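Enquirer: Chain by chain, the residues run as shown.
2 protein chains.
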Amino acid sequence: MKITILGNNSALPAFGRYPTAQIVDIQQELFLMDCGEAAQMRMKQYDIRSHRINHIFISHAHGDHYFGLVGFISSMSLLGREKKLHIYCNSFIKKVIELQIPWNLGFEIEYRFLEENEKGVLLSNEKYEVSCFPVYHSVPTHGFLFVEKKRKRILLPERVQHFEIPKYYYSKLTEGYDYIDKNNRVITNEEVTVKGLPFKRYAFCADTIFSPSICEDLVAIDLLYHEATYLQDQIQKAKERFHSTAMEAAEIAKMAQCKKLIIGHFSSKYRDLNPFLEQAKSIFENTELAIEGSVFEI
Amino acid sequence: MKITILGNNSALPAFGRYPTAQIVDIQQELFLMDCGEAAQMRMKQYDIRSHRINHIFISHAHGDHYFGLVGFISSMSLLGREKKLHIYCNSFIKKVIELQIPWNLGFEIEYRFLEENEKGVLLSNEKYEVSCFPVYHSVPTHGFLFVEKKRKRILLPERVQHFEIPKYYYSKLTEGYDYIDKNNRVITNEEVTVKGLPFKRYAFCADTIFSPSICEDLVAIDLLYHEATYLQDQIQKAKERFHSTAMEAAEIAKMAQCKKLIIGHFSSKYRDLNPFLEQAKSIFENTELAIEGSVFEI
Chain A
22 MKITILGNNS ALPAFGRYPT AQIVDIQQEL FLMDCGEAAQ MRMKQYDIRS HRINHIFISH
82 AHGDHYFGLV GFISSMSLLG REKKLHIYCN SFIKKVIELQ IPWNLGFEIE YRFLEENEKG
142 VLLSNEKYEV SCFPVYHSVP THGFLFVEKK RKRILLPERV QHFEIPKYYY SKLTEGYDYI
202 DKNNRVITNE EVTVKGLPFK RYAFCADTIF SPSICEDLVA IDLLYHEATY LQDQIQKAKE
262 RFHSTAMEAA EIAKMAQCKK LIIGHFSSKY RDLNPFLEQA KSIFENTELA IEGSVFEI
Chain B
22 MKITILGNNS ALPAFGRYPT AQIVDIQQEL FLMDCGEAAQ MRMKQYDIRS HRINHIFISH
82 AHGDHYFGLV GFISSMSLLG REKKLHIYCN SFIKKVIELQ IPWNLGFEIE YRFLEENEKG
142 VLLSNEKYEV SCFPVYHSVP THGFLFVEKK RKRILLPERV QHFEIPKYYY SKLTEGYDYI
202 DKNNRVITNE EVTVKGLPFK RYAFCADTIF SPSICEDLVA IDLLYHEATY LQDQIQKAKE
262 RFHSTAMEAA EIAKMAQCKK LIIGHFSSKY RDLNPFLEQA KSIFENTELA IEGSVFEI
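Top line first, the protein sequences correspond to chains A and B.
If you're matching positions, the first sequence starts at 22 in our numbering and goes up one per residue.
If you're matching positions, the second sequence starts at 22 in our numbering and goes up one per residue.
Hints may contain errors.
Heads up, the list lumps identical chains together, so a pair's fine if it works in one copy or across two of them.
[Claimed, not checked] Taking lysine-lysine pairs in the BS3-like style, the calculated list, with each CA pair at most 27 Å apart, reads:
| # | residue 1 | residue 2 |
| --- | --- | --- |
| 1 | Lys290 | Lys105 |
| 2 | Lys115 | Lys170 |
| 3 | Lys290 | Lys104 |
| 4 | Lys258 | Lys65 |
| 5 | Lys170 | Lys188 |
| 6 | Lys275 | Lys116 |
| 7 | Lys216 | Lys171 |
| 8 | Lys105 | Lys260 |
Think of the hints as simulated: they come from the structure by calculation, not from any bench.
Remember, predicted model here, so these are calculated numbers, not experimental data.
The whole structure should be built from the sequences, with the hints applied where relevant.
Expert: See the structure below:
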């Protein structure tokens, strides 16, 4: 699982930083998390294969999290997309799209409206599961949890050599297949591989006030993205605007025992982002800034 | 008068090129021409003082000419704008804005809806005049003509020295004021200055099929922006989609006897723009590409 940061700023673009958008890549299937203005330009810039996006998740209906959506959908249509697109969002987003794109896109959009305070699985298959949970902002807002379920099995080199299994078949073995040798003997997968690593978990918490209650949705998280709009001296403003400080984001990562934290949604009043990193690290050491273009692998 | 190119591509952003948007600067008052997605990012990048924009002109209601508008207006509000904003557009644009920004912006927007085939003055004062005229695209579309009217008078150095007029007063003289000397004698402006240069004229012709009839609206144009979506081998596609080729744009500049031509709105199928320039120059030598970030002075 890989996360690419397309935009890391809050509402007002500043210092070359664009509003919120991220790509989650699970075994080359891509998911778009929020779609601030110019997200599609960033995708081009970072060589994101946007035709692989089939599911878009919009955390809430504030412009800096969705103003890029209509342009991106329009571009998908111009590029000849035919596959159905799934959008998980507030019902308002559908109105915005349908007002501006009343024509036939050439593909279907299936909306899945998120209800206020909704919690639960949105999408599940053998490879991954995506669920939503409420976070707490000035309008109904959701966090999203990605679980990569299918983990390739790990080859036992001595065993595959012992059974003289040809190299071209190794990738099949990691996917769980048995092997039939030239004497028609079945070598079961369990004889030559062991179980892969545990599931990987990524949680995306866009705009939210500091809210320890979300920790119950952040169990065994490998990587947490949590907004950090302000530095600590602006904690009062953060509260008033239902945002968090870098230290508050770090506090959540610490309480939830996440393995790693990335912070973003920086206010346009800050040119230098290093103080965000310093303040967060003072509470939770394994923190990184969500610098645009960065790729975080789990 | 200065024109800054913010976006020069057609609908699909490509090769780092963004959709249509330009700034016209007349004596430090700025006008925004079209507002494709991420126009506000380009303004930041090119140090455009966007608070000086009081008038926005949208040529037509295709997304690549307005998708950046709601984000830009939203940012103006976040930046504390109080001054009224004027938008000249199809009435559909108002619906798009009002759906997405139902709250109080802190400033008023005055819409001036452009009727199909409308031609005439939209805005006029002692410094400039802006008018619209129809161009011919798949939806109602307007070109815009900017005339910088007020031209500072030119000082006659020997005369101002003769009357011993102090240097600090020179700029007043260029604005047409008389001077009263220490003996209370009035030295009239005509005694020490001559009339300035003729009016300057910029015409913006966004999406349009090749249409010689627009030349009647392009009288004494110093600088013409004309769309050039395709190269000449795609002339049939240009016609079908109500767009122009580079050579057709040059043909218009030649027929209208414009002094200079800039071409843009390039199709995303072209990485290399040099053939556009070569083809246009074969018909109209004084052509330049509307490269993003370029500034054209008249």
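Enquirer: State for each hint whether it applies.
Expert: Consistency of the hints with the structure:
Taking CA atoms no more than 27 Å apart as the test, Lys290 paired with Lys105 passes between copies only; the shortest distance there is 25 Å, against 40 Å inside one copy. Proximity of Lys115 to Lys170 under the C-alpha cut-off of 27 Å is found in neither arrangement, the shortest distances being 30 Å within a copy and 46 Å between copies. Taking the shortest Cα distances, Lys290 and Lys104 sit within 27 Å of each other only across copies (22 Å), while inside one copy they are farther apart (41 Å). In the homo-oligomer, the alpha carbons of Lys258 and Lys65 lie at most 27 Å apart only across protomers (25 Å), although the nearest pairing inside one protomer, at 35 Å, exceeds that limit.
Taking CA atoms no more than 27 Å apart as the test, Lys170 paired with Lys188 passes inside one copy only; the shortest distance there is 26 Å, against 78 Å between copies. In this assembly of identical chains, Lys275 and Lys116 lie within 27 Å of each other by CA distance neither inside one copy nor across copies; the values are 39 Å within and 46 Å between. Taking CA atoms no more than 27 Å apart as the test, Lys216 paired with Lys171 passes inside one copy only; the shortest distance there is 10 Å, against 79 Å between copies. Taking the shortest alpha-carbon separations for Lys105 and Lys260, neither the intra-copy value of 40 Å nor the inter-copy value of 31 Å comes in at or below 27 Å.
Of the numbered hints listed earlier, those contradicted by the structure are 2, 6 and 8.
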